[in-house]
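Chemist: Sequence:
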Amino acid sequence: MEILEIEQKTKAIVSHYLSIDESKVKLRKSLRKLGADSLDTVEIFMELEHEFGVEFVPSFPNKIYSKSIGSICEYIEKILIKKAEKQKTA
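Per our numbering, residue 128 is the first one in the sequence shown, and the count goes up by one each step.
Please note that a few of the clues may not be correct.
To be verified - Have a look at the derived ranges for each label pair, beta carbon to beta carbon:
| hint | residue 1 | residue 2 | range |
| --- | --- | --- | --- |
| 1 | GLY162 | GLU212 | 35 to 41 Å |
| 2 | LEU131 | GLN214 | 18 to 24 Å |
| 3 | SER195 | SER165 | 14 to 20 Å |
| 4 | LYS205 | VAL169 | 18 to 24 Å |
| 5 | GLN214 | ILE147 | 33 to 39 Å |
| 6 | LYS209 | LYS151 | 27 to 33 Å |
| 7 | ARG159 | ILE130 | 19 to 25 Å |
| 8 | LYS213 | GLU149 | 28 to 34 Å |
| 9 | ASP164 | GLU201 | 22 to 28 Å |
| 10 | THR216 | GLU176 | 22 to 28 Å |
Don't read these hints as lab results, they were simulated from the structure.
Beta carbons: idealized from backbone N, C-alpha and C, even for Gly.
With these hints in hand, go ahead and build the complete structure from the sequences.
Modeler: In structure tokens, the structure reads:
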């Protein structure tokens with residue numbers, strides 16, 4: 128999956144859960160700056176896992192709260208790359 132597709136899907140998820148226009152979800156902004164609270168963050172975290180078919184470490188929601196949307200997307204991309212590499216060697 129390309130980073131642009133990850134970014135698109137992540138922005139759509141964030142805008143949905145925060146009830147804001149997708150155009151306001153910028154890659155440089157954090158969930159905190161977009162107005163997310165801890166419950167929003169956990170819901171977004173769970174939806175990202177579902178959407179991308181990945182499992183994050185349990186501390187991930189606490190870490191992503193202050194990270195930029197772009198950083199979150201890069202992290203997802205790294206997980207997907209590792210997952211694809213494991214599937215190739217299996």
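Chemist: Give a verdict on every hint.
Modeler: Hints, verified against the model:
Here the CB-CB span from GLY162 to GLU212 is close to 36 Å, well matched to the stated 35 to 41 Å. As the Cβ distance of LEU131 to GLN214 is approximately 22 Å, the hint placing it in 18 to 24 Å holds. For the hinted restraint 14 to 20 Å between SER195 and SER165, the CB-CB distance of approximately 18 Å keeps it satisfied. Under the hint 18 to 24 Å, the C-beta atoms of LYS205 and VAL169, about 21 Å apart, fit the expected range.
The beta-carbon spacing between GLN214 and ILE147, approximately 35 Å, falls within the hinted interval of 33 to 39 Å. Judged by the Cβ atoms, the range 27 to 33 Å given for LYS209 and LYS151 holds: they are separated by roughly 31 Å. As the Cβ distance of ARG159 to ILE130 is approximately 23 Å, the hint placing it in 19 to 25 Å holds. Checked against the hint of 28 to 34 Å, the C-beta distance between LYS213 and GLU149 comes to roughly 32 Å, which is consistent with it.
Evaluation of the 22 to 28 Å hint for ASP164 and GLU201 yields a pass: the beta carbon distance comes to about 24 Å. Between THR216 and GLU176 the Cβ separation comes to about 23 Å, which falls inside the hinted range of 22 to 28 Å.
Figure legend: structure checked against the earlier numbered hints; every hint is met.
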